[in-house]
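From just these sequences and the hints, can you work out the full model?
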Amino acid sequence: MGVIFAAPLFLIGLPAAALPVLFHLFFKVRKKPVPFSSLMFFLRIEPNLHARRKVRELLLLILRTVLILLVVLALARPQLPALAGSGSSAVVVLIDNSASMTRTGAGGRPLLRIASEAAAALIEALATGDRAALALTVADASVTLGEGATTDTAALLAALDQIQPTEASGDAAAALRRAFAILAGSSAPATEVRIFSDLQTSEWNGAAETLTMPAGCRLTVHPLHPEGAAGAVAISRIDPPAGRSIAGRPARSTVILINHRDQVATTQVHLSQDGGDDTTVAVTVPANGEMAVPLVLKPRDPGLTWATVRLDGDSFAGASRAGLVVWSNARAPVLLAGAPGAFGLLPLALAPDGRGDVSGLAPTVVAPEGLVASLGMNAPLMVVATWTSLAQCPQPALQAYVTGGGTLLILPALDAAIEVAAPPWIGATPAAVATLAKPIAGLVLDASLTCWSDLRDGAGQVDVNGLLIARCAVLTPQGGAKAALGLVDGRAILVEKTLGAGRIVSSGIAFHPGWSNLPLKGWSLALVQGLALHQVVDAGRLSRLTAGHSLPPAASDATATRIRSLSGGPLDWQGPREAAPPFARAGVYTVEVTGQQVLTVGVCAAGSEAATDYLDGNTGLLAGLPHRTVPITDARQVVEDWRSVRRGSDLFPWFLLLALAVWALEGWVGTAVRKS
Amino acid sequence: MPAVTTYKFLPPHLADRLDGLGIGVRHPLPGGMQGQHRSRHHGSSVEFADYRAYAAGDPIHRIDWSVYARSDKYLVRRFEDEVRLRVHLLLDHSESMSFRGEGAVSKLDHASSLAAGIMYVLARQGDAVDLHGFTDRLGQGWPSASTYDGLRPMLRGLEKLTATGASATAAVLHTFADQPRPRGLVVVISDFFQDAAELAQGLSHLHHAGHQAILLHVLDRAELHLPFDGVVEVNEMETGRKVVVEVDEFREAYTREVQRHIDQLRRAAHGLNCGYHLVETSSPVDQAIRDGMRWV
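Chains as they are written, first to last, in my numbering: chain V, 1 to 676; chain F, 1 to 296.
To be clear, the hints were calculated from the coordinates, so they are not data collected in a lab.
A few chain V positions that, by computed beta-carbon distances, are all more than 12 Å from chain F: (1) G13; (2) A120; (3) L157; (4) A230; (5) D301; (6) V365; (7) V372; (8) T435; (9) G514; (10) L520; (11) Q574.
Distance windows between CB atoms, simulated: (12) V:A16 x F:E233: 25 to 31 Å; (13) V:L19 x F:A166: 41 to 47 Å; (14) F:A56 x V:R44: 41 to 47 Å; (15) V:P626 x F:D248: 54 to 60 Å; (16) V:R44 x F:G210: 30 to 36 Å; (17) V:R44 x F:I60: 50 to 56 Å; (18) V:R77 x F:E233: 42 to 48 Å; (19) V:L19 x F:T255: 29 to 35 Å; (20) F:G22 x V:R44: 38 to 44 Å; (21) V:A661 x F:A166: 45 to 51 Å; (22) V:L19 x F:E233: 19 to 25 Å; (23) V:L660 x F:V105: 53 to 59 Å.
Predicted model, so just to flag it, every value in this text is computed and none were measured.
Glycine included, C-beta positions come from ideal geometry on N, C-alpha and C.
Rendered as structure tokens:
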């Protein structure tokens, strides 16, 4: 992009710059050689007459040449650098529509609105033939961007109107890549990317070396910094209920709040369940800290239960919402294969009320021989067998059940003196039941095993202090099984083995006070029920994302998919899953494939958007890209800048001033020569 | 009547104009030979010595008409009590003397005419004169003569003199002063393109050697006023050096510098009781001799 001339005809006069040289040569030729008697007096007057005069003559020659050049160039009205010269231009307007742009800027207006208005004004200021395109840092499905640069300003303005605040964190690098790709494919002689962004650090602090700007492309950044921006409380994430939820039973989730302020913040957490149950919790979040707030959902019916979480008070509006999804199950059977009295207090532990209304578990005693039919009809959460009845169970069916994701619990029958040869796939072999001379304390051998999930504390430890074993059959782990609980001497009495998608928990003690005091321990209910309930039953049905992220990959990404919103911003998108846009706003969304709902997505706002760290335009992603920074407060400034760039800077006054300076210098040197 | 020979630098019309001219000395000269000039040595004044043949330029009143009546010969009487003036002519014939600007002749030609005229006047008075050419060193010279016939070799020699080489007048004056020769009047004809202080030292050397001196400063009018216009490449004739000057811008300073040099020379000469006369080549030779030799 070089200098252009508004009056190029004057450039015809450029050869006039050679006149001083020609005159110099002419006079040099015409210089009269005069034989003279002596140079004595000449050299007395000016000892270095020849050399100094030559230097001054050369200086004068240069000055006069430059003077003529400057005058001619000034008359030609140089302009630098017009964006497109006499041709058309292509510009990509890149708008940061991330949640942080909801903060207010000049005049108390949201930054996103300032950016949109400026972009609209810029598009309206485009000349005929100019092309433009939009790019967003958050690919919002509700905005129709088009494929490339277009001359259809009406479509561009319509797209600008569609831009609404998001609750997502933007991908600035992706947006820049898209902008550069559009311009790389443009045939316009001049191209430019105009960025309207608050340059929030979390989004723009990327590696610029991954971006390559098309040759000749200009990059202009209009930083829009919020006025008086202070950190606030935002939703960082939501932890779903641990384990399986049962319809009718409370499902406990946790919302993690983050406070970006330097002082304590007070906020209210509102939970609105789809059925209309609302709860509000007032919390105080420490300065620059996090706080976990428990939320209790009450799924009434089996299936999907969703809720929205909203913050009030000292919260950042752009990151104050989240969609929460929970999958609840109906009361599920637990099949007890064996004699009714062989399981001790286990049925009571599984369903204290006898019906399963409390635990969601309905224990049912079945004959081991009829287990095949029972498995087909009841889809049990867990199958419980005694070491004795295990041999009577149809092994292939039971193994298939476990491999398919079921849980198998094996324990001694109350009256058994077991010493059986268990099938190898079980992973444990029991010894003969022995009554200990005196009760021996139980010891957790591996607290990381799944059976302890509901009993682990925050440090990952499981406390079974007070557990005493009076009677047991010591187990020998096999085939990859691990000992979960043992006697203090290290002998295993509870072994867990993962088989396929399910697991097998082998016990050497019966669930009866005659064997141990385990049934008398309150946590034993959590242990027993957790064995049944702790299955990833909602896998594949639910997804929890942060705004700005897309659907996780699926086996068939090309499948026609429809995404609709249950709560949050309206969204109804259809297309191949691989092309699904990121979720721009918090809420709950359903994903359907060929009319079937296959996934429910709970989207949480991007809590990082509440941060108030901003780059200065010369760092982060932009550090390696040549660009200019033009701060603006309203659309008029953008238009003026665009016209200035489009028109180019008029260099006439500068050339004229320079010519005057050279003229003055020439006069001074000339006078010095004459005086000498 | 003897045949009259024509010389380039002593044409008849010049000789005619010089006929009434005499060169005398205002100060007593240490002369070994008697002539018409006053001498510090008192001898047999107004005593007849001999005759010599009349030579063109000799005053007619000195012809002994009685002898003419007897012998039909023009003889001039000579007297022993008159001290003869011995004049040494030093003529600069360096390359710079060949310069000819606004004058009708070159400086060397004009200087040669001056020398011839002076020799003629002196010979006509019966004074002895010798001639030495010089450039950067003293030339061999011609033997002294006090008759018109005796001047012939010198007059012919002047015609053969060519301008060549660089000049070093001061050094020549030192050399001349160091040489054993009769003391007398030294007439230096040159353009004196040398530092005035150095020339003054040479002149002082001459003075201390017992000579009186006259400087005839021959310059072309162009050397005084730079009659050129515009940018001129000035080539020094003696060395070939060149400078380019805008004459119009340079003339004033040049003229001032030349005048300063002349003034310095004049002051140096007068300070040593020597004569100095600026001779422009455009001025008549007889007038220059009359003015220049007035000092003596």
